[in-house]
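Enquirer: Residues per chain are reported as follows:
There are 2 protein chains.
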Amino acid sequence: MPDFAAPIARLIDELKRLPGIGQKTAQRLAFHLLRADREQALALAEAIRNAKENLRPCSVCGNITDADPCLYCASPARNRKQICVVEEAHNILPIEKTRQYNGLYHVLGGAISPLQGTGPEQLSIKPLIERLKNGEVEEIIIATNPTAEGEATAVYLSKLIKPLGIRVTRIGVGIPVGSELEYADEVTLLKAIEGRREL
Amino acid sequence: MPDFAAPIARLIDELKRLPGIGQKTAQRLAFHLLRADREQALALAEAIRNAKENLRPCSVCGNITDADPCLYCASPARNRKQICVVEEAHNILPIEKTRQYNGLYHVLGGAISPLQGTGPEQLSIKPLIERLKNGEVEEIIIATNPTAEGEATAVYLSKLIKPLGIRVTRIGVGIPVGSELEYADEVTLLKAIEGRREL
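These protein sequences, in sequence, are chains A and H. Sequential numbering from 11 applies to the first sequence in the working numbering. Sequential numbering from 11 applies to the second sequence in the working numbering.
Here chain A stands alone, though its shape is the one from the complex:
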């Protein structure tokens, strides 16, 4: 006797393909959707379909957008002299939340990782270099993750872009605000000491 009616089994299988969703969570979500209003469940289905149909990468910066160019690239209020380079489109939001940065963005689509077979040619690096050719950009802020792959990508980009006479900076690495020295790992602490500033 099967565990579930076929439509439930299928829904659980599809939910399980989401990151961080195992068998039990998928079952819980599936039964929630079955108990929920018809409208609520179908609204989720429609939101997925709508997002998938109407979103595409911005042809300029690679941000996920429903208008091309995206809202950052199209905005006359943004500073066109700075481009912040990130690995993925969802890295843009935390930077926006700081309300400190008002420049443009560039989404690489990942980081250089020889182990995973991601080389510079798999990333959106050529389009980034193209963007620098109009001479408007004065600074590239590299905000890739502080991982081995993100650091390698930062070094690679720096070597490529500095010869063009453009300033290349890297976001700071160190102890998170509100955290304690005691709980920092050695590598973070080392980076924090290396990145010390005059007071």
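If you're looking for bench data, these hints aren't it; they were derived computationally from the structure. A quick note: this is a predicted structure, and the numbers were derived from the prediction, not measured. Hints may contain errors.
Identical copies go unnamed one by one, so any copy, or any two together, can satisfy a pair.
[Claimed, not checked] Only pairs whose alpha carbons sit at most 30 Å apart, straight line, appear in this in silico BS3-like list of lysine-lysine: (1) Lys107 - Lys201; (2) Lys201 - Lys34; (3) Lys26 - Lys136; (4) Lys107 - Lys34; (5) Lys136 - Lys91; (6) Lys91 - Lys169; (7) Lys201 - Lys169; (8) Lys172 - Lys143.
Position chain H relative to chain A; hints supplied.
Expert: Just chain H, lined up with the frame of chain A:
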């Protein structure tokens, strides 16, 4: 400037309505769906729609099913002398997984909870009593949750069904297998002692 393009914002909002999914998890799931194959994302949307269109409560027992009566009620291999009463349809699977129970089921659709305004008339109790009228059923096993509401429901059902000359039993409450006495709460331990058996 909005945080996200409208279709992303809408998808995140719909995902946030799922139980246990907050803003950050919803964002992570949404961006996963946006990065995923078109086929995978649309398969999830379609699975939700399909489940919602094709599933309904079994007219006999209340289990969620795509065929009416459900696979348990329709099966000639199941023992029709026993009915196991559960709160929700998803409580059936863990009981099936034991491979010990081969009777029928009855889904109440909740438990008696005066605080939440759920009385016996909001639950599928009348249909259960109807099912007992053919005289075929010999035992009702009450498998509501071992919570105040589940216990109250068990007592209520027992008072209602015992006068019909049908045996009413309650699943055992006690220390979970593989656990240690040290970690059991007092109420569970009390119940375990009350439910002790001869060796």
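Enquirer: Tell me, in ascending order, the numbers of any earlier hints that this structure violates.
Expert: Of the numbered hints given earlier, the structure breaks just one, which is hint 3.
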